[in-house]
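Undergrad: This is what each chain is made of:
2 protein chains.
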Amino acid sequence: MKLMTEKWFTEIYPDEGCALSLELSEKLHEEQTDWQKLEVYQTTGFGRLMLLDGCIMLTSRDNFIYHEMMTHPVLCMHPAPENVLIIGGGDCGCLREVLKHRAIKHVQQVELDGRVTWASEKYFPELCASNNDPRAELSFTDGVSFIEQAESGRYDIIIVDSVDPVGQATRLYDKEFYRACFNGLSNHGILVAQSESPLFHKNLIQSMQSRMADAGFKGTTTLFFPQCTYPSGWWSASMAFKADRPSNHRSVDIETKYYNNAIHLAAQAMPQFMLNTDK
Amino acid sequence: MKLMTEKWFTEIYPDEGCALSLELSEKLHEEQTDWQKLEVYQTTGFGRLMLLDGCIMLTSRDNFIYHEMMTHPVLCMHPAPENVLIIGGGDCGCLREVLKHRAIKHVQQVELDGRVTWASEKYFPELCASNNDPRAELSFTDGVSFIEQAESGRYDIIIVDSVDPVGQATRLYDKEFYRACFNGLSNHGILVAQSESPLFHKNLIQSMQSRMADAGFKGTTTLFFPQCTYPSGWWSASMAFKADRPSNHRSVDIETKYYNNAIHLAAQAMPQFMLNTDK
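From first to last, the protein sequence lines stand for chains A and B. Going by numbering that gives the first Met the number 0, the first residue of the first sequence is number 0, and it counts up by one from there. Going by numbering that gives the first Met the number 0, the first residue of the second sequence is number 0, and it counts up by one from there.
Because the hints were derived from the structure by calculation, they are not lab data. Please note: incorrect hints may appear among the correct ones.
Since copy identity is lost for identical chains, a pair holds within one copy or between any two.
With a Cα cut of at most 20 Å, we get these calculated SDA-like pairs of lysine to any residue [unchecked claim]:
no., residue 1, residue 2
1, K256, Q267
2, K121, S138
3, K174, A135
4, K26, F139
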């Protein structure tokens, strides 16, 4: 058993008794922003690594799965999406994926911490390739207040690309927040929010979707996908539908590394333990 | 950043620059068998943990996904499986899953290291619940020699539940081994073998399936599933069909925690990067 040294970053998931480590070759950036500690490292196997408050946000190597699955399924399930709101998403990976859809007319991104976007532009330029697209509008302010004050029915899609439900971010998991999203969505609008690990956080996924239903949404669906550098290596997103859940999806001709038509359907398959009501 | 201590077991994947750690509460067993170092620990979050030569073989918490996906898809794709051969599989988790299918008449398990099964019977008794089923036959000998000497057409299904392709186990990834499996299979026979991580070992998966085709199999299919405690948290199995690939599968009424009809189909969806020929 080799021991970890200072050449490794280790994120411990204390409630689960497990930890993931990535081998580092160089520290590229460290600062305390107004909101959180922001670090960027070069790793030996995963390209670049961004940490927020000591938690892995993304790596160059595996972020494609998360960003594609937070965007393409929901966009392809909406009959004609034009206006998109991204809450969080400061690394701009979701923004880039959304803008691959030519029918999109406007994407409003609302990230609390402008330094996250600054760091992504500097250290993950590939994720920020579409930041200057004339359809993109980047604001750095509080996403909860933003959606509470938004014009009713303004957005076809709302994507909540947030950190885990701790501290400031817990508000992004509240029924009141989901109700504001409901109001901000157009008639066939769809909300999608990252919803943690199926293996570790089954109860959270189910309670999030209950709150979405309580907030007025007609139905919810879970998406499952691998995500190597997040706890358990397996992740989920929860979709909530303002109208009836669409019975099919549009297939689109965009360049992806993970998502495709078969994956669109496969990601919705519920493992048996998620169907059972026991924990 | 908390550092790892002697209370944690860490498995490093040196080629990938990452590592997984599990928190330990007690060492239950350690021995050098004739073949490998065998350890069993109590963990704080994953139940019990078995290591072979310092690599995680299984934990109580997450082995259900691997064992179900190595057995039920292949059994449900065969029109009428009766005789099954398991090569490796000493923890008996695959054996238990196979025996849930009532139509199965005989399961021959061939594990090189009898001490693995001894340890599983002692420390993972739930996996060994069917070891005394009259349909089960456990042999402790070399799986490669066994299948080379097997009667032609003897088995409907062959399951290769092996360790990674290093040392002794590399023979289980050879074309000659796949050819012996082909000969040992009945007309509609199917081979399934664990085939490592889609994220880390795409080339291995593709070369395994090429060798299966070279050995005479008419077609191959990859199954994808999460597996928290294996490298990258995402795993695969490769199926090879002696006859035409079945166009549909039987649904069966068995108790599972991960597998079901929807998962059967979903597990076969190919991520886009697996379809591309570039690395």
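Undergrad: State for each hint whether it applies.
TA: Structure-based check of each hint:
1. In this assembly of identical chains, the alpha carbons of K256 and Q267 lie at most 20 Å apart whether taken from the same copy (18 Å) or from different copies (17 Å).
2. Taking identical chains as interchangeable, the C-alpha atoms of K121 and S138 lie at most 20 Å apart only when both belong to the same chain, with a minimum of 18 Å there against 59 Å between chains.
3. When the C-alpha separation of K174 and A135 is checked against a cutoff of 20 Å, the pair qualifies neither within a copy, at 28 Å, nor between copies, at 53 Å.
4. Taking the closest pair of Cα atoms, K26 and F139 never come within 20 Å of each other, the shortest separation being 26 Å inside a single copy and 51 Å across copies.
In summary, the structure is inconsistent with hints 3, 4 from the numbered list given earlier, while agreeing with the others.
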